[in-house]
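Sequences are here, hints too, so could you generate the full structure?
Below are the chains, spelled out letter by letter.
Protein chains: 2
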Amino acid sequence: MKKIDIALLGFGNVGRALAQLLLAKREVLREHYQIEWSIVGIATRRHGSVLNPTGVDLEAALSFAVADKEISSLAPNNADMDGVTFVRTSGADVLFENTSVNYQTGQPAIDHIEAALEMGMHAITANKGPVVHAFGRLAELAQAKGVRFLYESTVMDGAPIFSLWQEVLPVAKLHSFRGVLNSTTNLILTLMEAGKSFDQALAHAQATGITETDPSGDIMGWDAAVKVAALVTVLMGIPLTPDNIERKGIDDITLEAVSKARDAGLRWKLICQAWRDGEGVEACVRPEQIDPNDSLYNVMGTSSAVTFVSDVLGDLTITETNPGPQTTAYGLLADFIRVVR
Amino acid sequence: MKKIDIALLGFGNVGRALAQLLLAKREVLREHYQIEWSIVGIATRRHGSVLNPTGVDLEAALSFAVADKEISSLAPNNADMDGVTFVRTSGADVLFENTSVNYQTGQPAIDHIEAALEMGMHAITANKGPVVHAFGRLAELAQAKGVRFLYESTVMDGAPIFSLWQEVLPVAKLHSFRGVLNSTTNLILTLMEAGKSFDQALAHAQATGITETDPSGDIMGWDAAVKVAALVTVLMGIPLTPDNIERKGIDDITLEAVSKARDAGLRWKLICQAWRDGEGVEACVRPEQIDPNDSLYNVMGTSSAVTFVSDVLGDLTITETNPGPQTTAYGLLADFIRVVR
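Chains A and B, in that order, give the protein sequences. Numbered per our numbering, the first sequence spans residues 958 to 1298. Numbered per our numbering, the second sequence spans residues 958 to 1298.
Since the hints were derived computationally from the structure, they do not count as laboratory data. The C-beta atom is built at its ideal place from N, Cα and C for all residues, glycine as well.
In silico EDC-like cross-links for lysine to aspartate or glutamate, where the CA-CA straight-line distance does not exceed 20 Å:
no., chain 1, residue 1, chain 2, residue 2
1, B, K1217, B, D1156
2, A, K1130, B, E984
3, B, K1130, B, E1236
4, A, K1130, B, E988
Chain B side only, calculated, beta carbon under 7 Å to chain A, not exhaustive:
no., residue
5, P1127
6, S1252
7, E1277
What follows is the structure, given as structure tokens:
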């Protein structure tokens, strides 16, 4: 039996869904993977932090968070501390970094992950920032320390994208990809096609919890561009930051434009693309009208999809239908099993 | 550097495409995977066999096969021999079993693979027969001998299906799947939608080489049923043979029925399905009319797709567009790298 101490940094929708999945799969992990986990620390944005080397009661922490109560009361002597201090003090074997993304700098998540790797912890994240702003550095640091830095859930939630290319598609060379990678904009466009105004559609997306309080990162195409940058950086081996991607959001797609497209049998989608160009790469994110024969035409609501073109497999498309925090949590759990095995 | 001796049993479209891919990726295998391969035997159906422990010239064998010449002349003392004797005499580390499928019994491929595993060789196949008719036995034998039995290319060519579930989706429980898994029938239905008669469409499919000389295995749904049986057996852990699957082919789909569906905005597809039912499983293969919102609607020509429903990922769809012998060959190569690593 492998006894693994876990620190959870970030305890929002994704962090809590991960906690629930860890609890739900506790027996399977024990029996089929010989993994016995224990939570030694939880740091939240609004409900304090808790550290306890002998184990934090995860079910209690979940109910405290849901009830909007401070989780620090779960253990004695929990002074407020910053993320890096939390990581360094935790004594964990594995850090889950699930704080909010910063598209421009990737901070403070990069510092958190760096601190974990420096301490010889595996680091797993659903946060795209560190992948696009510090991938090379963090991957090298992980290798030097003999641990792993994994990030499956940063693109298309828990659908296997990075692990697919890194583990089951050897010797393949990725030439290009094209997809719908942002849930909020795709849901808004789907609702507008059904006659809702942009504002009504956005309000609905926010009410379902898939959109941040400030939705501009989604609407303006930043989230999509960061995902494109992450895929290019990791899968094509070409470091690319979102500001180097031609980017146009859906903010000027009107209800009239959506109706007009629909009447012509077309659909607006925020299309993400990248393709090799000599030794470099070209990439863009922009709204396009696509026809029913397009493989992305049926990607509706919060679903996402990506078609990969490689030298050995022709076109391979991965589609994830109606994901949620639980699917993101699954990607984190899959990474966890990978690092422990 | 790992020096690996390979025996190729079956040298038709798939066997030859594998040979070409092995040659094309020779340098990459050497440099990135420290694998140095050598072909120690090739057995063909119509052009004889060759065995040479010091290495068979693969390029020469390919040109002999293409020129319809006996490959036995490539080495001295090559008596005609049956498949099992070929395997036992080869001295290979890895057997690629790519003989023609026998839907009803899985033979003689099962005997070939069994002989290889008994000798301590890894066995890799694109032949569905052994997977549906002897999976449990062959998997156990491989484990007992400390070698591997892999079969990625048996369903959806080289697209990662088995390896996806076995390597990158831990703790997931597959509830059901639904897909278009037979290229010949899908191409025929696509061509009929464009106005060709069944016979014209079939002739075209045969001319492109994707269909066997006797196309009845495809048309009557046997190939699809065998693929469903393979997925259920391996991914759901429930042994299932094709004769236990409710099966209806596309032989009575008329051009009139196809036109009528098209005029109604629908499309005929040969739909493959399986779902858990208590401790057991239900499965069927049958033509259905599907609408444009169906995720399988855009699977045209020789493309195939499957949607998996699991406890942790919602719906995950894998689509492979326009595969060919090279993609099947890639699945075999990916298995090869897995067994050698």
